[in-house]
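Top to bottom, those sequences are chains A and B.
176 is the number that my numbering gives to position 176 of the first sequence; each next residue is one higher, with no gaps.
38 is the number that my numbering gives to position 38 of the second sequence; each next residue is one higher, with no gaps.
For chains that are exact copies, the list does not tell them apart, and a pair is met inside one copy or across any two.
Derived pair list, reagent style SDA-like, types lysine to any residue, alpha-carbon separation capped at 25 Å:
| # | residue 1 | residue 2 |
| --- | --- | --- |
| 1 | K70 | K229 |
| 2 | K70 | P59 |
| 3 | K11 | V86 |
| 4 | K201 | E20 |
| 5 | K11 | A87 |
| 6 | K11 | Q249 |
| 7 | K11 | D51 |
| 8 | K80 | E42 |
| 9 | K11 | A127 |
| 10 | K65 | L48 |
| 11 | K53 | P68 |
| 12 | K80 | L48 |
Calculated directly from the structure, the hints in this document are not laboratory data.
Here are the chains, one letter per residue:
Number of protein chains: 2
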Amino acid sequence: MCQLLGMNCNKPASISFSFEGFSRRGGQTDEHSDGWGIAFFEDRACHLIVDDKSSVASPLAEQIKRNPVKSCNVVAHIRKATQGPVALENSHPFKRELWGRSWVFAHNGHLKHYAPTLSGAFRPVGATDSERAFCFLMQGLHARFGDQAPSLDALHAALQALTNEIAAHGVFNFMLSNGEVLFAHCSTHLHYVTRQYPFTKAHLVDCELSIDFNEHNHLDDCITIIATKPLTSNENWVAFAPGELKMFQNGVVCLDGPRQVREFAVAC
Amino acid sequence: MCQLLGMNCNKPASISFSFEGFSRRGGQTDEHSDGWGIAFFEDRACHLIVDDKSSVASPLAEQIKRNPVKSCNVVAHIRKATQGPVALENSHPFKRELWGRSWVFAHNGHLKHYAPTLSGAFRPVGATDSERAFCFLMQGLHARFGDQAPSLDALHAALQALTNEIAAHGVFNFMLSNGEVLFAHCSTHLHYVTRQYPFTKAHLVDCELSIDFNEHNHLDDCITIIATKPLTSNENWVAFAPGELKMFQNGVVCLDGPRQVREFAVAC
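The shape of chain A in the complex, shown without the other chains (with noise of 0.2 Å):
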């Protein structure tokens, strides 16, 4: 299995404090050192960089935390393959383009027997379950809604149905943005934390490492936090229920989705 790390803020923020520890995971603190990667938007533009060594040993990971963008939306992933090689192009997040957006997708977890029928414009160039259940969403998004983008609410809507079906192949965590809200669907593990004021101090579990964001943040700052498992020892993560799939638009939960999707899908 893998493990994810978001973030979605109201401002454009730094994820260094919560990646030094989710990078420790990569080979360190855990076992997923078959590559990593990370995406974060500035404005419309999306960054990608994803490496198929240890987020531990890799020089771009270290160069992130000396050199830290500061980003609304981010999505970051450490693997440990199952499915495919260790190899560049199975690396995630991945990426697409969706009516003039960038879409960047990371999952955890494993799907058997996942084959699903994909189009010219949305079929994998890697070999992992993970990018054919992202195209297959894209693919899903495309065909349903042409080739206008829909409200947030229709969108929240069509990507819960077509979770539903995918998540009854197996363990389907993931995390999907577009630069604009950032979507988190939970099958087993997935946890958040929303940091606003009044700020407190959090330590990482991972290395011994503090931080104070009242030294770093603003009054109205809204940044909320989300990984496979808790990355501090002393704030109140929140646990996703297994089935729901969550939006977060500047900071904050704006849309939550249904717990238990899983019977419903077999229903379907």
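Given chain A, put chain B in place with the hints provided.
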């Protein structure tokens, strides 16, 4: 206008020497300081790095020179903004996926009043004529061949026809690669040089740097460098004829296009 740099080889090679001279044109020996970018393939995987800083001032460009990656297909670009503001999403190369491969594209030129009708999967993220043209090429290939990639001959013929349509709107020098082949089209200025046994010494025109390729290459290496203007002073750079669409594979030209396509395009 902008400038283009490409490389196509029979075995993965480093573009460091050529990039050293090319990147000087991004604000030092020339005026192309509104962003830069480079895409290089490692097998099927594609690394894309873009920046809205000048290549002379960019820490990312410095890192590429210090940590050269070997690749069989590279497309690079330095930007002098004509359409679209200086912004990350307007920096070339652009990337899209089609038929299970990544495609990268960079453009030098200017297309007047160019606003093709584009579908959801191939709509631009930024505001350049260049990304619109790239989306039109990808959409046109998908429309012609559906979900299966065609032969390289058919691909070249289709690209020639689509290129003719676009080139009727203005200057359309471009490079396009899917990691297997590299296409280069000339409207006005484009040159290439093929380096193979017997290798020579080369001297960059943009800085005091020489290299003896005998010391770096094997007898069977075959490397073609393509650039808007010749990068070295003592090699036999071949000028493209206006209208030529060349397809490079394994370091050599394997298909040429017609030289006078503008008339043909207008006749259509």
